[in-house]
Each structure stands twice: as C-alpha cells, then as structure tokens.
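Letter by letter, the chains look like this.
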Amino acid sequence: DAKTTQPPSMDCAEGRAANLPCNHSTISGNEYVYWYRQIHSQGPQYIIHGLKNNETNEMASLIITEDRKSSTLILPHATLRDTAVYYCIVTGANSKLTFGKGITLSVRP
Amino acid sequence: DSGVTQTPKHLITATGQRVTLRCSPRSGDLSVYWYQQSLDQGLQFLIQYYNGEERAKGNILERFSAQQFPDLHSELNLSSLELGDSALYFCASSYPGVEQYFGPGTRLTVT
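The listed protein sequences derive, respectively, from chains A and B.
The first sequence begins at 1 in my numbering and counts up one residue at a time.
The second sequence begins at 1 in my numbering and counts up one residue at a time.
Just chain B, same shape as in the assembly:
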C-alpha cells in the first residue's frame, strides 16, 4: 500500500459524458501527478500540481482539466469523453525532491 488513494476504482460511462477522478496523496506530500496508461500509448504524464499550483503540463487534452485543493487532494476532470479515453488513470504524490508514490489507479471505460 503506497498511501495514495484513488476513487473510484472502476468507472464505466458513455461517449460525450463527463467524469471526475479523485486522488488523495500520502500524508505530507505536496506534489500530485496524473498519468494515463492506455494500451497503445503506454504510461504518459498528464499534469503536476504542487501545493495547489499547476507546476508542469504534459500531453493533457484540452477536454481534460485538473486541480489541487487546499487539503492537497486532487481531481482530474475528463469531459466530452471519447472511446479513446478509455484507460487506466494513475495519480502519484511526492514530497519535493524525492520519489513518487503511485495510487492503485482508476480504470475508465468509455462505451
């Protein structure tokens, strides 16, 4: 158990819908990272937040957005969902300058 929690574990939704994935970092960690893992693209970095502020952006689609709240939990919002958005979404957290610890992931299926 890494100490990072993600909800929900599984999500099935239809094309065009909007979903919110939630991540609670390890106690004391200030950074939250979001990654997407699909069969054809592998594990890809989406976005990083540090203490509530956006720190780095990867290949995140404009239909996707994220935020980190004052209690440091983070949410990833995915809208206008397409079949190709079906993937595993991982959240990771870290204290500045050290390794990242990953949550168990949310498996999103878009039908």
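Bound conformation, chain A alone:
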C-alpha cells in the first residue's frame, strides 16, 4: 500500500470548514484514497473514499488532485463532535487498512 503523510494536528473553529490535507505521492493506479476517523477509543468510523474523482456524501467532501498525489478531506461545518483523529489511507479495494498516526483535529467553540 502507498504511504501517506499527514500533519500531526490542526484545529478549527466550530461552524467553519475543516480542510484536512494528505499526501500520497506513491499511489498506484488501482489504489483508492480512504478517510476514517476515530473518536477517543471508539472503533474507527468510515467517512468517504475516492479513486480519482471528487466525492461528496452527507459527512464530508473528498478532493483528489488531478495527479492523485494528494487529497483534502473537507468537513463543511465542523462541530465539537468532529474532534477526532482522522486517518488518510491508500489501499486497493477489499484490502486491509494500514493506519498511520493520522491527524488530530481539534474543533474549538
């Protein structure tokens, strides 16, 4: 699986958009970009994934650059409940997930 690089932490104000970056310069053509988050010690929660096109669902938007070497997860209106560790993972379909350290997002009131 391709390696990903995320900053260790970031914060944003409640109600504002949170833009979480991820670099994955060694991604191969059949690998997807997945985002999961983990709130405290709960089970990781699936957020969104994409191959090359931008994706949006009820939780977030995923913007993937044209060369697929980086992506951004966007939480459009962050709330306090979005405070969590967010993991960007690159992997093939139906494959194991390799978690890195992720990025800790702190949403402040």
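Please keep in mind that the hints were generated in silico from the structure rather than gathered at the bench.
It cannot be assumed that every hint is accurate.
Here are some of the chain A residues that sit facing chain B, going by a computed Cβ distance under 7 Å [as the list claims (entries may be wrong)]:
no., residue
1, Pro44
2, Tyr46
3, Gly92
4, Asn94
5, Lys96
6, Phe99
The calculated EDC-like cross-link candidates involving lysine to aspartate or glutamate, where the alpha carbons are at most 20 Å apart (straight line), are [to be verified]:
no., chain 1, residue 1, chain 2, residue 2
7, A, Lys101, B, Asp40
8, A, Lys52, B, Glu82
9, A, Lys69, A, Asp11
10, A, Lys3, A, Glu31
11, A, Lys52, A, Glu66
12, A, Lys3, A, Asp67
13, B, Lys57, B, Glu75
14, B, Lys57, B, Asp1
15, A, Lys3, B, Glu99
Yeah, the Cβ is synthetic: ideal placement off N, Cα and C, and Gly gets one too.
Position chain B against the provided structure of chain A, taking the given hints into account.
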C-alpha cells in the same frame, strides 16, 4: 452504530491465560478483519477472512489465531497472554470491494 458487534466489551485476565474475542459482522458482509490498537503501536492489521477462508495476514503473532464460521461470525483466540498483549481489539466487516465498518472493540487488559 456500525452494525458490527463485538463481545466482550472488556476483558481482564492474567499472563499465560487464553481468551477468545468474538465478532459478528454486518448482515450481508462476507469479509471480517481484525485489528489491534495499542498505545505504542497504533492500529495494526492482524488478519482477514473472506467467506470462511483466510484472505490476508498481517503482523499476527503465532500465539494468536482466528477463524470465521459458516454463519460468518469470527473469533480471535489469544493464548499464552503477555502484558504487551493488552490493547483494544477491533473487528471490521465489509462486503467485497467496499468500505470496512468497525465494531466498538474489546479492551483486553493482561495483568
């Protein structure tokens, strides 16, 4: 609620003992994955089963074993437990080719 259930929620046992963790996947999911999360190692993939067959293996110790039964539930067996096995153990399930959904985890404490 992801639809994946894990039992027990907490487990406290002594070194040298053996325990069994159980996972029931979401209805219709054929794949089950096991992950271990410890403070020093982070979230690590252990093993994957697909429709009863082992599909992939990660950094799973020889003291650990797993299986997936015909009804698709899975069990992770941990034996000769050591202090370092204390961790959160997560099970995830997926239908082929789509995202994994995680259970709430089992917190294992070895004393």
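Comparing the hints with the structure gives:
1. For the restraint placing A:Pro44 at the interface with chain B, the shortest Cβ-Cβ distance is roughly 5 Å, inside the 7 Å limit, so the hint holds.
2. Taking 7 Å as the C-beta cut-off, the interface hint given for A:Tyr46 holds, the closest approach to chain B being about 4 Å.
3. With its C-beta approaching chain B no nearer than about 10 Å, A:Gly92 sits outside the 7 Å limit, and its interface hint is violated.
4. For A:Asn94, the suggested interface contact is upheld, since its CB lies about 5 Å from the closest CB of chain B, less than 7 Å.
5. At about 4 Å, the closest approach between the beta carbon of A:Lys96 and any beta carbon in chain B falls short of 7 Å, and the interface hint on this residue holds.
6. A least Cβ separation of about 4 Å between A:Phe99 and chain B falls short of the 7 Å threshold, and the interface hint therefore holds.
7. Restraint check for A:Lys101 and B:Asp40: the C-alpha separation of about 11 Å stays at or below 20 Å, so the hint holds.
8. Between the alpha carbons of A:Lys52 and B:Glu82 the distance comes to roughly 44 Å, so the proposed pair goes past 20 Å and is violated.
9. Restraint check for A:Lys69 and A:Asp11: not satisfied, since their Cα atoms lie roughly 24 Å apart, outside the 20 Å limit.
10. Restraint check for A:Lys3 and A:Glu31: the C-alpha separation of about 11 Å stays at or below 20 Å, so the hint holds.
11. Proposed proximity of A:Lys52 and A:Glu66 is supported: the alpha carbons are some 7 Å apart, at most 20 Å.
12. Simply put, A:Lys3 and A:Asp67 have alpha-carbon atoms about 16 Å apart, close enough for the 20 Å limit, and the pair holds.
13. With a C-alpha separation of about 15 Å, the suggested pairing of B:Lys57 with B:Glu75 holds against the 20 Å cut-off.
14. In summary, the hint linking B:Lys57 to B:Asp1 is not supported, as the alpha carbons are separated by about 27 Å, beyond the 20 Å threshold.
15. In summary, the hint linking A:Lys3 to B:Glu99 is supported, as the alpha carbons are separated by about 19 Å, within the 20 Å threshold.
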